[in-house]
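Peer 1: Spelled out from the first residue to the last, the chains are:
There are 2 protein chains.
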Amino acid sequence: MKALLLVAHGSRRAESNDEIAALADRVSDRAGEQFELIEHAFLELAEPSIPDGIELCLKKGATSVTVLPYFLARGTHVVEDIPAEVAKKQQEYPDIAIRIAPYLGTVDELPDVLLALAVK
Amino acid sequence: MKALLLVAHGSRRAESNDEIAALADRVSDRAGEQFELIEHAFLELAEPSIPDGIELCLKKGATSVTVLPYFLARGTHVVEDIPAEVAKKQQEYPDIAIRIAPYLGTVDELPDVLLALAVK
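Protein chains in written order, with this note's numbering: chain F, 1 to 120; chain A, 1 to 120.
Bound-form chain F, shown alone (with noise of 0.2 Å):
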């Protein structure tokens, strides 16, 4: 079973959190037959973890997890953190296949969507 872990900062606001526990539904139902599992997690500030996040999917099943990175910037966080933090669940579970997609940031197709959001 392929998993998708949506993967965001985190906020001290609830509100923020839940808008991407939200955005992880909306992925669900969007998903098909490409991830039969949406989970989220947060990088810090929130939870679960980024490894909580890995254990969740692992425990309902999954046997490899896409972790995609919510960040708009090639920053440290996505250069060196939420690499560094799903390297430790790699390291317990050598079997699976844990893999990061690109970040949101790198999307081609941002300039349109910029555009249609700004005459909306």
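Hints in this document: simulated from the structure, not taken from any laboratory. One or more of the hints may lead you astray.
Each pair may be met inside one copy or between any two copies, as identical chains are not told apart.
Capping the alpha-carbon separation at 25 Å, the derived lysine-lysine pairs in BS3-like fashion look like this [to be verified]:
hint	residue 1	residue 2
1	K89	K120
2	K2	K120
3	K2	K89
4	K88	K120
5	K88	K2
6	K120	K60
Following the hints, position chain A against chain F.
Peer 2: Same frame as chain F, now just chain A:
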């Protein structure tokens, strides 16, 4: 002349700020007739500021400015800080239409964008 001002948070890392400038250029390439001028600005930690970004648009001949928050969550920056910065310039130029577009995190297509990214 309609201007679009892409507003990001701003970072201490020059590379992150450069990503925003590059994104504004890509938006400009795609803009067509909707917006004749695309600029970018930062809420904090980098230049130009939001008021300076709006001023730049007006100096280049803009008669209206759409401010688009390049933010993922509806936090204090989106709810209070960006409107406060925009309001300063609106007071200075009461005859110019300055509006704030919905922030990036509200885009309906985000789930599909994320799923496409996850299998990339």
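Peer 1: Against this structure, judge whether each hint is valid.
Peer 2: Evaluation of the provided hints:
1. K89 / K120: For K89 and K120, only the inter-copy Cα distance (22 Å) is at most 25 Å; the intra-copy one is 42 Å.
2. K2 / K120: between (35 Å within a copy, 14 Å between copies)
3. K2 / K89: Within one copy, since 16 Å is at most 25 Å while 50 Å is not.
4. K88 / K120: between (43 Å within a copy, 23 Å between copies)
5. K88 / K2: Classified as within; 20 Å inside a copy, 49 Å across copies.
6. K120 / K60: between (39 Å within a copy, 24 Å between copies)
Consistency with the previously given hints is maintained throughout, with no hint failing.
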